[in-house]
Amino acid sequence: MIMKANKKRKKLSPMQRSNYRAFYFMMAPFLLLFIVYRLFPMIWGLYISFTNYSGFNMGSMANVGWKNYIRAFEDSQAMISLGRTFLIGIITIPASMVICNVMAIALSMKFKGVGILRTIFYIPSILPAVAVGTMWNGMFLRDGGVFNELVKLFGGEPINWLGYDYIFYSLILMLLWGAGGSVLNNISAIKNISTELIESARLDGAGNWGVIRHIILPMTAPMNYMAVVTGIISTLQMFAQPLMLSGVGMSSVPLQPVYTYMVHAYQQIFANLRFGYGLALTWIVFIIMMVLTLITRRIGDKMSDNIAT
Amino acid sequence: MELKSKFARVMYYVICSFVAIIFIFPLYYTFINSLRDIFSLPATLLPKGFHWENWEMAFTLIPFMRFLGNSLIILAISIPIGIVTNFTYGYALAKLRAPGSDFIFSLVLCIMMIPTFATQIPQYILFSKLGITNTWWIWVFEAIAGTPYIIFLCRQYLNSIPSALMEAATIDGCNQWQLISKMAIPMSKPLVAIVAFRLFNLHWGDYMTPYMYLSREKWPLIMALFNTSLYVLPGTNTRPAPVVNAAALVLAIPTIILFFLCQKQLQQGSVASGIKG
Amino acid sequence: MKKMMRTMLCLTLVLTMVMGLVGCGGGQSAGKDGDNDGKITLTVTVSSAEVGSSEVFQRYMDEHPNIIIEEVPTSNGDTKLLSMIASGNPPDIIRFAGYDELPTFVQRGILMPLDDLLGNSESFNEDDMFDVLDTCRFDGKNRGTGSLYGIPKDWSPVGLWINKEAFAEAGIPLPSTTEPMTWDEFADIAQKLVKKDGESVERHGFITALPIPTLLEMYLNSYGKSMWNEDYSSTTLESKDSMEAVKYFQAMQETAAMSSTLYPNADGIGTSALNENKVGMVLGGYWFRGSYAGSGTLSDIEDKLLYVPAPVGTEKTSYALDLTCLGIFSQTEHPEEAYDLLEYLVLEEYSVTTRSNIGFNLPVSKKYMDTLPYETDFDKQTLDMVKNYQLSTFDPTAVSVSPWISYTSLTTLFDKFYLPVLYGRSTLEDAMKTINQEVEILVEEGKELMGE
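Residue numbers (our numbering), protein chains in the order written: chain A, 1 to 309; chain B, 310 to 586; chain C, 587 to 1038.
To be clear, the hints were calculated from the coordinates, so they are not data collected in a lab.
Watch out, some of these pointers could steer you wrong.
Under the rule of at most 25 Å between Cα atoms (straight-line distance), these lysine-lysine pairs were calculated in the DSS-like manner [said to hold, decoys possible]: (1) A:K191 to B:K491; (2) B:K491 to A:K110; (3) C:K833 to C:K902; (4) C:K953 to C:K973; (5) A:K152 to B:K357; (6) A:K152 to C:K1033.
Quick caveat, the model's predicted, so the values are computed rather than measured.
Next up, chain A with everything else stripped away, as it sits in the complex:
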């Protein structure tokens, strides 16, 4: 609030001036490396998306205009896989938010053995991704996998978890298992809430539910906002998980139900050597991500303004 009021004044206060100086000083290395290390590859990639680059024709590359972008919208595989990726996000992002918050609240309580529990819940998200895929591939096996052993135990016929009909659900299950990744952030945000604040709320007659609703959730909102943003980004970028779950290598494709947009883009670049087209596909999803993030950010800012006031 104070900041906003200051902005309206033309003259900068000495404090602000020192703030500005400190800001640019602190961000200088970031900006410098950003230009060299991130911007250059980005612009190069943008340029390539307007050419017919194939990995080997650097010398004879030709500009093809918007052809690659138009092609993306005509490519049914691209559009279907984009829709599929959205569907995965619509299911997993809210579900993992719920899991994450419940876990964070449960694990921020003071109990015997909570440390061990915390470690256990966090394990999925710290294991190397390559290892996780291998493990789940093993558990979903049609013959001898854990899930089918369970099905058999209840007298059912084995299910082909990694086949056409079920692999989508298997992927969702695997993704939710790893949903604990941001629980650590939420726990530390909850831990930062002063005990006095909670105690005074309790004195006002708030129960557990009240404390959660009126204190914990608002205070962890920035963390949740971040989880949504990273959730959107990682879903739209999802690429390795379907491959690892299907047990196919990097040079192959997973079954249609888990054939995500990024897998399609990767395929175009590294299997079909359509660099221009593949990069056009990634720029399209980049724009989608930007829009979604801006929307989320609007909502997020409103929420944090509410907390501040």
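Knowing the structure of chain A, use the given hints to seat chains B and C on it.
Frame of chain A; chains B and C shown alone:
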């Protein structure tokens, strides 16, 4: 928060234990299946024999000590530099609003949104022209450039420290560095622990950067799991699953231990700090 | 709080020390061209495990103090090799798949013709080498003629590994070790070997690591046909013969006679599955035995195994479809040095015997054939089958692939459009039509880029 009734407490334990079993199961499963006979099938739920030689192979089929050393070099570069840079960037973005700060924050978000493989080849060309492929300089640059996700994390975390506190301190005559050293850092000890841990995680489990830029001589440990030319039986193309399982656990154990230790610090940190400052 | 800071300080110190120590040790062996006073760095994309052991590289460096070998293992069709080439910092020796990657690699100008280099060589004696060398000859269109672009690291034709236990259980007589069975007989046996308990498959008929397009071409070729048209610009997938070939494998996959995602086997290569009697037959090369030999478990399993000729159609031909070859990058700065190393890796006694002693594939050079294991009955049976049947029917030029599209894109097209057929999500006719269309588009793009 505390649960008052006995029933709630019992329920809490029951539910937590149940979920805990689900969460730890894949690890158990991998462990059991790292001990089965080298060419046996199917994967088992209960131990079928204890073939510890699989674990022995996890250490002997690759130059384990050299790869471990390489991993440690990467961590020793990335973690200390990364803590300083990411915290600084996060602090600047959260607490020092200057013209362009919103734009820079959007840049951070943008970087997160670019799929790594879209910039892989130009980045390779760049590093190759700079002559730093196959050197550790890549990790120095990466650490200074900051990790978008962690900058984001720092900004969000520092945002939740009420600005009123900081402003009060400024009025008391604190300058920027005093603000950071006397207020931001002491109030963000858990954040520092998290950042350190995240950086550890990121670089311990990153196989793409080493794969792209380093020759086998300099590979870190994770490459052993990722690259199918490792953990093959001598002179063949076969990678026995039990040995790979054992290797996966060897890689997971340091992370788990570190987290366990780190989160104790985390608890202490949060008890000592807190908003009351 | 102080405790935490102290711990972190200690950790940082320890890490820095380790860094210093390891850094000093590692620093000496690294470096680029010219950094090490006149030393030449040769980058190879073949891994030390593949050439036998890291000793193989080490020994060469000991013998040639001016050479440093930098090992950068890449896998088929991946990003690293592309990046290295695009940055003008390519490897000197490239590992590639002889059957499916060679034509595309040549067409794109990645590989250097070795003919000039061979002339100066003393150890390269073509008379002493197996025909498989012709797999690496390519004239821009046909295999077997034109320049030589690489040398197979080692090789073996595709054969059939029999699980005797499964055959006994199913009451099937063991196949002949000298005469091949026909594809129809093979399908019949594979169906009989399947063991199901309700919907769970306890034993598959056969497993192979070869992808469907490769199998199709092998099948069609043994009937004198091909899935490619004359000039490799299109496929014959919509023709009656090709359709029948696809149906042949589809029928097997639908009944678990062949493993697929529909009825998957936990083991893609078959080593474990065969050991556990979970598969009746494995379609693969001589190298298959190497997996057991490499882990020291061969003696436990050799009684269960029999190596017989792969099934054939009307023509008795053996094919080498999973060859790993070594070639030289066309723009290398050190062609002679690279060639010398290449020759050492594939023709020098030390490196060849490191691999052949275990019994992993055949050497390219005939004179090393007697270094393959030939002691136990099993050793004799397997090697005799190779010598008596496979070597006499082997044809290196029988099958080829289109030079205009990458083989990875072909196999992924099958994954994308053929697999849904297995689940009844698409018809075979539609699938083959789509694959053919996509192939034609890719071929056209490929031709355009290569300026044709």
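Structure-based check of all given hints:
no.: 1; hint: A:K191 to B:K491; in the structure: holds, 20 Å
no.: 2; hint: B:K491 to A:K110; in the structure: violated, 29 Å
no.: 3; hint: C:K833 to C:K902; in the structure: holds, 22 Å
no.: 4; hint: C:K953 to C:K973; in the structure: holds, 14 Å
no.: 5; hint: A:K152 to B:K357; in the structure: holds, 20 Å
no.: 6; hint: A:K152 to C:K1033; in the structure: violated, 54 Å
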